[in-house]
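If you read the sequences in order, they're chains A and B.
Throughout the first sequence, residue numbering follows the working numbering, covering 1 to 143 in sequence.
Throughout the second sequence, residue numbering follows the working numbering, covering 144 to 255 in sequence.
Everything hinted at is true.
Listed below are the simulated DSBU-like cross-link pairs for lysine-lysine, each with C-alpha atoms no more than 30 Å apart in a straight line:
(1) K241(B) with K149(B)
(2) K6(A) with K229(B)
(3) K135(A) with K28(A)
(4) K229(B) with K149(B)
(5) K229(B) with K28(A)
(6) K255(B) with K149(B)
(7) K209(B) with K241(B)
(8) K135(A) with K229(B)
(9) K183(B) with K255(B)
Covered stretches of chain B, as calculated for chain A (at least 3 residues, CB under 8 Å):
(10) 160-169
(11) 196-202
(12) 229-242
Listing some non-contacts, in silico: residues in chain A with all C-beta distances to chain B over 12 Å:
(13) G31
(14) P72
(15) H74
(16) R76
(17) V126
(18) D127
Calculated directly from the structure, the hints in this document are not laboratory data.
Every residue gets a Cβ at the ideal spot worked out from N, C-alpha and C, and that includes glycine.
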Amino acid sequence: MVNSYKMTRAAELEALPIFRDFLDSVCKEHGIGSEFRYDLKLAMDEACTNIITHGYAGMNPGSIMMEVQFQPSHIRLSITDFGLAFEPVETAAPDVNALLEDRVASGFGLYFIYQTMDEVEYRTTVDCNMLTLVKRRHAPDAA
Amino acid sequence: MEITEKDVDGVAILSFSGSLDALTSPEATDYLEACISNGKNQIVADLAAVDFISSAGLRVVLTAMKQTRLAGGDFRLAALPDGVHKVIAMAGFTSILKIYDDAESASSSFRK
Numbered sequence: 001m002v003n004s005y006k007m008t009r010a011a012e013l014e015a016l017p018i019f020r021d022f023l024d025s026v027c028k029e030h031g032i033g034s035e036f037r038y039d040l041k042l043a044m045d046e047a048c049t050n051i052i053t054h055g056y057a058g059m060n061p062g063s064i065m066m067e068v069q070f071q072p073s074h075i076r077l078s079i080t081d082f083g084l085a086f087e088p089v090e091t092a093a094p095d096v097n098a099l100l101e102d103r104v105a106s107g108f109g110l111y112f113i114y115q116t117m118d119e120v121e122y123r124t125t126v127d128c129n130m131l132t133l134v135k136r137r138h139a140p141d142a143a
Numbered sequence: 144m145e146i147t148e149k150d151v152d153g154v155a156i157l158s159f160s161g162s163l164d165a166l167t168s169p170e171a172t173d174y175l176e177a178c179i180s181n182g183k184n185q186i187v188a189d190l191a192a193v194d195f196i197s198s199a200g201l202r203v204v205l206t207a208m209k210q211t212r213l214a215g216g217d218f219r220l221a222a223l224p225d226g227v228h229k230v231i232a233m234a235g236f237t238s239i240l241k242i243y244d245d246a247e248s249a250s251s252s253f254r255k
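Next comes chain A alone, as it looks inside the complex (with noise of 0.2 Å):
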């Protein structure tokens, strides 16, 4: 069974719902259920979001390149790109007793990745950037 797939786009807003798609259905195809592929595409997604906006910010939006590999114990995400490093930095919880007026919209991306997926491992070389995000099938302490 094939365990691994690509897709490659141009790194702007209109490759989102492509990759999304791509992703869940990749996934579905593996039998994953429906909370863990909204967990992966929204991972995906905010990382996807950062390197278009920031990582690419201010010149001709290159490309982004997602790798989807399945393995038994998990499935691993490797988002590439050739923009600017833009590593996501984990962040501070939301203060989910703030009033609304204190509420500030920024920084949810981030939060959103280290939320949902096990591993996240940001990596930058001379030609690229690579961001690997890996997500258990099962919980530890019940493999």
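Using the hints provided, position chain B relative to the given structure of chain A.
Below, chain B alone, put in the same frame as chain A:
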């Protein structure tokens, strides 16, 4: 993304369908700002047909909440699919906005 609108006793019920992401959220924000500047400050967003929301969609929700409340009204959500509800809850928004099972309950809540 599509938005359809109906007015019930002065409450604007906006039914969203599709995705609320970085691509579509500017259009949603424009639509809501136009509603509010036209004097509609009691708004229900029926999200039953929304299949995906990201942090960009949350910004739309937060902006609409702030603007309607400044105008003396409110922005309430109805019929959240599981994935949408999870994102709203992860962001801690369940403590600052009112969520209903369906658009009718959300709409009638403005009359209580």
